[in-house]
Each structure stands twice: as structure tokens, then as C-alpha cells.
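Going down the list, the protein sequences come from chains A and B. 1 is the number of the first residue of the first sequence in our numbering; add one for each residue after it. 1001 is the number of the first residue of the second sequence in our numbering; add one for each residue after it.
Bear in mind the hints are in silico, worked out from the structure with no lab data behind them. Where hints are given, some of them may not hold.
[Unchecked claim] Take a look, some chain A residues computed to stay more than 12 angstroms from chain B by CB distance: (1) 52; (2) 96; (3) 283.
[Said to hold, decoys possible] Here are the computed lysine to any residue pairs in the SDA-like style, where the Cα-Cα straight-line distance is at most 20 angstroms: (4) 24(A) x 1272(B); (5) 1309(B) x 1296(B); (6) 53(A) x 296(A); (7) 53(A) x 1066(B); (8) 25(A) x 1323(B); (9) 296(A) x 1064(B); (10) 351(A) x 382(A); (11) 1169(B) x 324(A); (12) 53(A) x 1053(B).
[Said to hold, decoys possible] Which chain A residues face chain B? A few, computed with CB under 8 angstroms, are given here: (13) 59; (14) 224; (15) 381.
In this text, a Cβ means the ideal position worked out from N, Cα and C, and glycines have one as well.
Okay, here's what each chain looks like letter by letter:
2 protein chains.
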Amino acid sequence: MISEKMSEMISGSSMIRAMFEEGKKLGAVYGPENVCDFSLGNPNLPPPPAVRKAIISVLDENEETFVHGYMNNSGYEAVRAAIANSINAKFGTDFTEKNIVMSVGAAGGLNVILKSIINPGDEVLVFAPFFGEYKNYASNFDASLVVVPPNAPSFQPNLIEFEKLLSPKTKAVIVNTPNNPTGVVYSEETIIELTDILKKKQEEFGTEIYLVSDEPYRELVYDSETKVPYLTKYYDSTLVGYSYSKSLSLPGERIGYIVIPDKAADSENLLAAANIATRILGYVNAPSINQLMVAKCLEEKADISFYKKNRDVLVEGLSKIGFDCAKPQGAFYLWMKAPIDDDKAFCEMAKKHLLLLVPGSAFGCPGYVRIVYCVAHETILKSLPKFESLYHDIHADRN
Amino acid sequence: MISEKMSEMISGSSMIRAMFEEGKKLGAVYGPENVCDFSLGNPNLPPPPAVRKAIISVLDENEETFVHGYMNNSGYEAVRAAIANSINAKFGTDFTEKNIVMSVGAAGGLNVILKSIINPGDEVLVFAPFFGEYKNYASNFDASLVVVPPNAPSFQPNLIEFEKLLSPKTKAVIVNTPNNPTGVVYSEETIIELTDILKKKQEEFGTEIYLVSDEPYRELVYDSETKVPYLTKYYDSTLVGYSYSKSLSLPGERIGYIVIPDKAADSENLLAAANIATRILGYVNAPSINQLMVAKCLEEKADISFYKKNRDVLVEGLSKIGFDCAKPQGAFYLWMKAPIDDDKAFCEMAKKHLLLLVPGSAFGCPGYVRIVYCVAHETILKSLPKFESLYHDIHADRN
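With the rest of the complex left out, here is chain A (with noise of 0.2 angstroms):
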């Protein structure tokens, strides 16, 4: 009686969440401390303070027809008006409130903007490794998705490849840096050289190719030399899908933004229609107290030293051992190779020692595995002896 689409959905249902059940049973017969999740990115750190303070003096300044009320569905202007001057202070580039839509999370900003560019059997690229949610959110809208094959060991996107897979029907390139699952950040040489490859191609084919900017983890960058580029300076018709969900630790109150450039291709029709698709897709806007609640925490940020120490004591630990993973720039993911072939068969002989992780062939990228390390410290630190014992069972297999 369900949708065909949505069968085939239970049916092959989330890796990702089949593993977080899983753990929850390993839990209940080995006790829950005993078992080192690290199969989901749900921050575990407090947001900042002043994300309680914001939502308390948001009542207290505000009638609360206005904080509980209908605005425009793209959002209160004085809040949009306030995300453009930070953004633009930070880059220097010149938004207004106009170029900013209120998004239910990024992952709804994603949608928006899907929803208000993708004809039916319409191309978007993604890069392997890559969030398996792209596809879905593809699919809601008819889309192909065309992955572009894996760039090992620096998961930089695959350019090469890249190029002879644009097509006449590419209507959106997505990149997501820091990346999911890599922790890996674009560098400035790859944005240049990746936006060059998409203006030739543009030009070539005589058609408009969106760049989505996906940029949940902008904020989570952990060494003053890494820099992320802000795209829509490379590129014209970038589209930005943010989310507060990582950097003010508050990733349950779906709250984010898009940034609609006044250079992107057909603009002013991009915006009414990030307004229109916002409403019918039935965000109708984004959660009004939270708008609020932002606007007053902009240049605030959890205080993610906890996840470097965490990423900081993982990587040595593996690398000690023998595991083969490099640093992580940003997001909170570690991707490391499976030391076995069969991505999937290793995370099952993880889960023997008590360790979830995600085979990499949930990203379009065997090989691999990817290690959420936003835990507690414990967790790290309980974790590393069983990754030993995991790695000289594997040794031993081997002899």
C-alpha cells in the first residue's frame, strides 16, 4: 500500500540507523558502556551558553505573536539581515536579507533548493565518499545522481573524473567540505580548479550548473591553518545550504539558512521560488523561536576542543596500532581503510570487540570506514584497546 519508492527505501533501509539499533542490542546484552558507538553524528557536546539566554530574552523583548507567529516564509528580515552582515563580515562578500531563505536545517535547505532547480531525469553530481542522504534527496525531485569516483588517500574530489562526467543534463554539483565522512577539507587550489572545470563546461554546453554548497560543518575546523573557502567567491551560481545543527549543538531544532547569491544564475527567479518551494514542501518557514534564538548567538560556536582532543587521541591511538588514517580537518569524522578488502565484513569483526562503525560502502566508497568521534573522551580512550585486539584478530586471520 506504501509508495514504491518508499519500499524500496524500508527495505534497504539506512546502514547508518541499522547500526544504531544494533548497538543499542549489543548495549542491552553487553551492558551499554561496553560498547563504543561510533556509527552516528549526533553532537554530544551542550551548545553554548548563550543559546539558553538567546531563547530567554527572546521572550522576554518580543510579543509572542511575533515569536510564535507566521512571517515570510523565507524568514523575519531582521534575521536574514543579520546572517548577510556576519556572512559578509567574515568573507567579505555583500549579501542582504534578500539573498538569505530560513531553512528547516540544511538538510531542508537542500531540499528547497532541489526542489526549486531539478526538471525530472536532471543530473547532480556528488563526490565519493558522500553523504548517503544525497541520494534520497535526489530522488525526491527525480534527479539522477551521478557519483564521481573516490580520490584515495586524499579524498580531494576526483577532477579528472569529474570533468568527463559533467554533462548537457548536470544541473547541480553538490560538495560538502569539511566532508562527511572524510573530515576532509577542500583546499583552495581543488575549489579553483574544480569551479574552473564547471565554467568551461557551462560555457561548452551552453546550459547553467549549480554549485551546492552543503555546510554543515563549516564551523568545525580544528587547526588556525586550515582554511574553507567560501564558495559563491569562486563561482557565480553557487547555491549555500547551512545549518546550526553543529556549530551551536543544536542539530534537533532544525534551523539553518540558504544563500541565494544575486550573481547566481536567474536569481530573482531562484529566490521566489526558494520562498514558494519553502512553503509547499511544507516547512511553510523555518521554526520561528529558533530564527530568533540564532540571530542573538551568530558568532558563538560549541566549544569543539573537546572534539579535537578526541580526534587527536584516535588518530595517534590507530596509527600506533597499525591502522592506516590520516588527520581529519574538520566535521567530526575519521575515515579510516579498512586493513581487509570487504569494508562491510570488517565492520562486522568490529562489532565483535564491541566497536560500530560504518562501512564506507554506505558512501559509495569501499574500502573504508568511517568513525564518528563526537563521544565522550571515555569512549575514545575504551575504544583503543579493542581496536587492538580487533587488528591482531585480523593479523592472526592472516597468518
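Once you've looked at the hints, dock chain B against the given chain A.
Just chain B now, kept in the frame of chain A:
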């Protein structure tokens, strides 16, 4: 560059929104205090005081990582259980948290429901006059909207035409009672007859047809003798989309829920599908703080005596002038016969008297207009002399 679907929507953009923009323009010329804007269903009541208290106590009583964090995509279990219990107490049903999926308002809920059940080409039936967004929601999933013609003057559903229009392709029937735009509550007799037809036709076709109950106005009923039947009790495959936007007067917050009864066809898969649809449509989950807040306000309601007073003064005033309108039983819409055949022309004439009304054509029912009475009481009082001169203008034209 934007999608074809969105292009059409922009050019034919919502009459209601256009009216709203026009109101702003008229206000700028004549002074906003002189324009009586009856076009937008934006509740002007404050939420009950319990809402503010609930937000504060949610913040006081819980860890911040809980208040603002991810939960199961269907929503917090305790919130869903509390809602199930509250529905059971009111309507004698037997739902548990398993039957409840939290949603981003009723609009989000309806999209999740349709995403879960619709295959392209399926038919979705609605009863004219109907909320125009249903057309867009159906189009999101490539369903055809089939409109059952209106049944004047009662505006109970036209069941004779309904029976004729049901087909083997019918996948869903949307009902909305209390109704936007008519304010009519479907009687129990109507519901019994309607669901009997559904049962009969389902059997005849060998298909399953879902009855989708859109319930943003359930609590907005003015007279104690008016009962709004709970539809799951009359038809097994009833799916409910509820919203707190109007009952708690917080339309900007985007909070509501879906009910999927165990008795609904393919219920297990539907629940799984709704959980996934919530995620992949980009809502992910209903805003977390708002879930926790409404759970503390389940027996609360905005003070709708205010709407009742508006309704009574307006109906009496308009009838005295000579307009033809029935007293609405619920919601905050008054549905009035246009005194000339052309409802759009009548709205244009009304505009000259600084009265903003929405033509019935926007709801698939020409010859009528919708007057939204969730406005300041002075607006009602101020409008009556304007309606009077409008009436005389029309009369003068006729002589």
C-alpha cells in the same frame, strides 16, 4: 534555470499571497489602519500563558543536549506517548506512542503522509472548496488532484459526485473539518456516509484508499453542540495530520503530529515509511524544543472566545446589510456568497473600499469569497460600514 514546476508556480503565484502584498501597498497609500485585511489566516491571538511557562520549564528540567539534540526521527517517545494518551482520553481511541509521528506542522505532516503512500499518477480527491496548497502537496509527488464539486449552500461534501469520482487510481481522500475556507464542520452523518462509500468502493476496486484528515482547526469550534467526529473511529485507513499552529496560536513554530492507527492498511510499513519520509524530505524531525513544549500544553488552548466574538459581530453585520452568509461553526473563516457572479470582480470592487477578501476561485469554488476573521475586533467593527457602501455600490451598479 529554475525548474518547470516552480516556473509555473511563480507565474501563477498564490492569489492569497498576492492579496497580502496588495494590502501592504494599499496600507502605504491610505494608512494601514484604514485597510481591513481579511486575506491571511494568520492567528492574531497570543498563545496561552502555559506556552511560555512550558518553554522555560523544558529548559530548566532537562539537559541541553536532550532539549536540542537528535531523537528518533519520529520524535521523542515520551512526547508521542503523552499525545497518544491525550487523544485516547478525548476520543476513546487506543493509540500508543508507536502510532504518533511528530511533524513540522500539518503541512509537513501531510507531505510525509503523501510521500509515504503516493506513486506517480495516483489520484488524490479533495472536496471543493479546498485549501489551495493541497494541489501543491499532490504535485510534490506527481499525484493528480481530483476535485469533487462543491455542495452549496451547506458545503458538506458532495457525496453523490464523490462516489462517481472515486476510481481504482484513488489513493487518498483529503478531508478538512472544521473547513478552510468555509468554516463548516462535517457532521457525523456525513462522515458515516462518506466512509461507507469509501468502504464499498475499496471493496469494488480491490484497492486500499486512505482517508487523510487535515486537522489544523480541530480545536477551533465555537458552540458546545458542535461535535467534530474523530475519523479513525469511522474508517480504519484514516491518517491524521494535526497542527498546534491554531490551537496554541504558534503557527511560526511548525509543530504537529501524524496519527497512523494500527488498523490502517499496511500500518507497519506506513509507520516505517513515515519515519523515513520525515528524514529524507529534509525535516529530519519536528523542532525538538517545540515537541517538548507542546507535550506540556496538551490540554491548553488559545482563548478562542475572541474569534467567536468576531464571528458573531461579522455574521450579524453582514447579514443585516444584505449579504448572504451562513454562520461558520469552526476555524476562523467566513464563507460568503459574492453578490455578483464573478467573485474576482467582486474582490476587486471590495478592494476599492479597502476590504481585502480572497475570491472563492482560489479554493476551486467561484461565486464565493473567504473572509478571515482572526483579526483585531476593531477591524471587524471598522469593516462593516465599508461592507455597507460596497453593497450599495453593487446595488447602484445594478439599477
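Going through the hints against the structure:
1. 52: 6 angstroms, violated
2. 96: 19 angstroms, holds
3. 283: 6 angstroms, violated
4. 24(A) x 1272(B): Roughly 18 angstroms between the alpha carbons, so the hint for residue 24(A) and residue 1272(B) holds.
5. 1309(B) x 1296(B): 28 angstroms, violated
6. 53(A) x 296(A): 9 angstroms, holds
7. 53(A) x 1066(B): Since the Cα atoms of residue 53(A) and residue 1066(B) sit roughly 17 angstroms apart, the hinted pair holds (cutoff 20 angstroms).
8. 25(A) x 1323(B): Violated. Residue 25(A) to residue 1323(B) sits at ~66 angstroms, over the 20 angstroms cutoff.
9. 296(A) x 1064(B): 17 angstroms, holds
10. 351(A) x 382(A): 14 angstroms, holds
11. 1169(B) x 324(A): 55 angstroms, violated
12. 53(A) x 1053(B): 15 angstroms, holds
13. 59: 6 angstroms, holds
14. 224: Violated - the Cβ of residue 224(A) stays beyond 8 angstroms from chain B, reaching only about 27 angstroms at its closest.
15. 381: 20 angstroms, violated
When each numbered hint is compared with the structure, violations occur for hints 1, 3, 5, 8, 11, 14, 15.
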